[in-house]
Amino acid sequence: MGEKLKIENIPTSGFSKGSHHPTCPRHHNHLIWYNNRAYCLGCTCMYSGVVIGFLSLIIFFLKYEVNIKHYIICSFALLIPTIIQPWLQIKSFKILSRLCLGISLSLVSSSFYFMHWYFNHNFFDILIYMSSYSILGYSLYMLRKIKFNDPCVNCPEGVYPLCNWNLKNLKTSDVGCEIASAIEVSNGKSDILIID
Amino acid sequence: MYKFVIMRGGCGQNEYDIEKCEQISNKMSGEGWNLVQVYQENTSSCCSTKHSLVMIFKNG
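In order, the protein sequences belong to chains A and B.
To convert, take the position in the first sequence, counting from 1, and add 55; that gives this note's numbering.
To convert, take the position in the second sequence, counting from 1, and add 9; that gives this note's numbering.
FYI, nobody ran anything at the bench for these hints, they're computed from the structure.
Predicted model only: the values in this text are computed from it and were never measured.
Where is the CB? At the ideal position from N, CA and C, for every residue including glycine.
Please note: incorrect hints may appear among the correct ones.
[To be verified] The following label-pair restraints were derived from C-beta to C-beta distances:
hint	chain 1	residue 1	chain 2	residue 2	range
1	B	V45	A	I107	49 to 59 Å
2	B	N35	A	Y168	26 to 36 Å
3	A	H171	B	N35	19 to 29 Å
4	A	K118	B	E28	46 to 56 Å
5	B	Q49	A	K223	31 to 41 Å
6	B	N35	A	N175	56 to 66 Å
7	B	G39	A	D180	52 to 62 Å
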């Protein structure tokens, strides 16, 4: 009978809290730097967009007459940068697309309240709207998985977590040392296969 | 010689699929590579922790 393998945890990745990605130069498009700290560009911009969206909603609904059609069109139109973004890997555009995505999400998540109590629409209308949005949102998520721009691909330093950037962290513990040794035994030309 | 297979999780991605791990292990075994160790790496994202799996295979 074969020996049972125990899954062990690789020691600390070295990510600073909120960065979600290695902070090496290859990942610069995935990071925002503030006060010498790295933050995940996608998450930071998206959640900022959500906050901006909620605040904007409060201001708009208090000060202006809002049309239901404009509300719905706006929530879908704000997804356009996200649709385009996989083909346009420019950092500034990525920031814009994530902000717009966050604002769009705030509109959808508030839709139950606004569509029912403010626009006086029934639950079925809300269901159609949210279902349509969910289908589009899921499609965009799958598109991102297909077109994911992985900085580790073709990186001369290796593939995270087995790359030179993380090697110093691997060596800090017994568990990581074994991996580091295996990489070194392969004479630095580690045969690494990535499965997403 | 060693071969490393990384099954990715991370910010905005899904966790690794155990069924896929099995398929890869069986495929590598068929090619003469033995699974010697498995490691898990935990990447925190805003809402949860996504796990990546590192499988190390040895020839012969």
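Each hint, compared with the structure:
no., hint, verdict
1, B:V45 x A:I107: 49 to 59 Å, "holds (50 Å)"
2, B:N35 x A:Y168: 26 to 36 Å, "violated (51 Å)"
3, A:H171 x B:N35: 19 to 29 Å, "violated (52 Å)"
4, A:K118 x B:E28: 46 to 56 Å, "holds (53 Å)"
5, B:Q49 x A:K223: 31 to 41 Å, "violated (20 Å)"
6, B:N35 x A:N175: 56 to 66 Å, "holds (59 Å)"
7, B:G39 x A:D180: 52 to 62 Å, "holds (55 Å)"
Hints 2, 3 and 5 from the earlier list are contradicted by this structure; the remaining hints agree with it.
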